[in-house]
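**Student:** Build the full structure now, drawing on both the sequences and the hints.
Going down the list, the sequences are from chains A and B.
For the record, in the first sequence the residue sitting at position 17 is 17 according to full-length UniProt numbering, with numbers rising by one throughout.
For the record, in the second sequence the residue sitting at position 149 is 149 according to full-length UniProt numbering, with numbers rising by one throughout.
It is worth saying that the hints were derived from the structure and are not from the lab.
The beta-carbon is built from N, C-alpha and C at its ideal position, and this holds for glycine as well.
Any given hint could be a false lead.
Each pair of labels, with its calculated beta carbon distance range [unchecked claim]: (1) B:Lys55 with A:Lys11: 47 to 53 Å; (2) A:Thr66 with B:Ile98: 45 to 51 Å; (3) B:Gln69 with A:Phe40: 26 to 32 Å; (4) A:Thr64 with B:Lys116: 26 to 32 Å; (5) B:Leu146 with A:Asp106: 49 to 55 Å; (6) A:Tyr123 with B:Phe33: 35 to 41 Å; (7) A:Gly9 with B:Glu153: 21 to 27 Å; (8) B:Ala159 with A:Thr64: 41 to 47 Å; (9) B:Glu26 with A:Ile127: 50 to 56 Å; (10) A:Leu31 with B:Lys126: 28 to 34 Å; (11) B:Ser179 with A:Asp110: 55 to 61 Å.
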Amino acid sequence: MTQDEHKEGFKGMANPSRYGIERVAYWLMRLSGLGLLAYFIGHIYETSNILRGRVGWNEFLELTQTTEGHIVLAIVIAMCVFHTVNGIRVMLGHGGVGVGKPARPDYPYDPASQNYRHKIGIYSAIILAAIAMMYGLAVMFGE
Amino acid sequence: MAQVSSIADDQSSKSITLRIARYNPEKDSERQFMEFTVPYEKWTTVLEAILDVKKHFDHSVAVRYSCRQATCGSCGMIINGKPRLACFTKISELDSNIVTVEPMNNFPIIRDLAVKFERLFDTHHKIKPYLDRDDTELESDAKEFLQSPEELEQYIQFANCIKCGLCNSACPTMATDSSFVGPQALAQAYRYVADSRDKGKDSRLKIIDDSHGIWRCHFAGSCSQVCPKGVDPAMGIQLLRGYMLGFRS
Numbered sequence: 001m002t003q004d005e006h007k008e009g010f011k012g013m014a015n016p017s018r019y020g021i022e023r024v025a026y027w028l029m030r031l032s033g034l035g036l037l038a039y040f041i042g043h044i045y046e047t048s049n050i051l052r053g054r055v056g057w058n059e060f061l062e063l064t065q066t067t068e069g070h071i072v073l074a075i076v077i078a079m080c081v082f083h084t085v086n087g088i089r090v091m092l093g094h095g096g097v098g099v100g101k102p103a104r105p106d107y108p109y110d111p112a113s114q115n116y117r118h119k120i121g122i123y124s125a126i127i128l129a130a131i132a133m134m135y136g137l138a139v140m141f142g143e
Numbered sequence: 001m002a003q004v005s006s007i008a009d010d011q012s013s014k015s016i017t018l019r020i021a022r023y024n025p026e027k028d029s030e031r032q033f034m035e036f037t038v039p040y041e042k043w044t045t046v047l048e049a050i051l052d053v054k055k056h057f058d059h060s061v062a063v064r065y066s067c068r069q070a071t072c073g074s075c076g077m078i079i080n081g082k083p084r085l086a087c088f089t090k091i092s093e094l095d096s097n098i099v100t101v102e103p104m105n106n107f108p109i110i111r112d113l114a115v116k117f118e119r120l121f122d123t124h125h126k127i128k129p130y131l132d133r134d135d136t137e138l139e140s141d142a143k144e145f146l147q148s149p150e151e152l153e154q155y156i157q158f159a160n161c162i163k164c165g166l167c168n169s170a171c172p173t174m175a176t177d178s179s180f181v182g183p184q185a186l187a188q189a190y191r192y193v194a195d196s197r198d199k200g201k202d203s204r205l206k207i208i209d210d211s212h213g214i215w216r217c218h219f220a221g222s223c224s225q226v227c228p229k230g231v232d233p234a235m236g237i238q239l240l241r242g243y244m245l246g247f248r249s
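**Tutor:** Quick look at the structure:
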């Protein structure tokens, strides 16, 4: 970005700290989306190892059986759950569902679009992601 | 360039440190902050503190303002990290001994706290911010366009927009996309689409149905949180998208 435009840039876009839980959800949605994209590419590479035969496949699969591999998979589970649940909330919002009705605003002007339904949706996505991640960790490390 | 000053003769009120961003694009290579110690009462606004600095310490501080009552939309700036109207923000409500004022993000800087509004007005004009129909109620023999209170309720909230630009400054898409039409213009598009007197819905939807138009909004909602008039642009944009996706008729 040029100084002339005075754009806040990526740093401002990615800063989740100033505008409440909705901006945190926005940031987590982007982060989990990029994470899942990276996992998807890695997953394609991983499954392509089947072309190396059973031995090659098993060798590569062992990578996911390490402590680091388990942690990565647990994070992928969390990203997947958050992206799905929050994605449903955002899709409904994009259709104008659950964003409130237009009305004359009263001071202090709490925005109707940032209502409790969406806040519950965001917190649910975070909590479900955390539960799914913990369950995944329990299964993987409990073997 | 930092400067510390104080008003020694005013012992009755509390004081804060006001940090003002100074930058002249024609002369300076980067932004610098000047610091002033300014007295305040519980009713003192940030704009009054800036004007105090201009009156007593440095008259060259560039700031745009006019009505001082959150009606003209001139004095938008970043106050302690968030876009706010300086005339509508009391120092006492910031709950900080240091108040930092910077020019709004996502607007080119003219000098110091004053920014260019050309792009905001261009995008506002682009969505045709007027009743779009062939007939008129201005001729002497024409009838007034009647509207029920329920129909008025559909858009009156969005007619409160004062074009201060705070929503565009807070928007995460505006932070990275120079071509994005922005929450201000999109909310105004909804204002006219939802107006029962307007006949230009299809042409307006065509204007914003663009790769840098309404589809670039990701419903972060920051625009609505900073709006000083309760316009709630995020709601307007989602309702507008509801029209385009067929959720609303």
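**Student:** Indicate, hint by hint, whether the structure satisfies it.
**Tutor:** Status of each hint after checking the structure:
1. Between B:Lys55 and A:Lys11 the beta carbons are some 35 Å apart, a value that contradicts the proposed interval 47 to 53 Å.
2. For the pair A:Thr66 and B:Ile98, the beta carbons lie near 49 Å from each other, so the given range of 45 to 51 Å is met.
3. Checked against the hint of 26 to 32 Å, the pair B:Gln69 and A:Phe40 fails, with Cβ atoms roughly 53 Å apart.
4. In this structure the supplied range 26 to 32 Å is violated for A:Thr64 paired with B:Lys116, their Cβ-Cβ distance being about 54 Å.
5. For B:Leu146 and A:Asp106, the Cβ-Cβ distance of about 27 Å falls outside the hinted range of 49 to 55 Å, so the restraint is violated.
6. Remark: the range hint 35 to 41 Å for A:Tyr123 to B:Phe33 is upheld by a beta-carbon distance near 38 Å.
7. A:Gly9 and B:Glu153 have their C-beta atoms about 39 Å apart, which leaves the hinted 21 to 27 Å range violated.
8. Roughly 57 Å separates the CB atoms of B:Ala159 and A:Thr64, a value that falls outside the hinted 41 to 47 Å.
9. The supplied range of 50 to 56 Å is met by B:Glu26 and A:Ile127, whose beta-carbon atoms lie about 52 Å from each other.
10. For A:Leu31 and B:Lys126, the hinted distance range of 28 to 34 Å is satisfied, since their beta carbons lie about 33 Å from each other.
11. As the Cβ distance of B:Ser179 to A:Asp110 is approximately 31 Å, the hint placing it in 55 to 61 Å is violated.
Going down the numbered hints, you'll see the structure goes against 1, 3, 4, 5, 7, 8 and 11, while the others check out.
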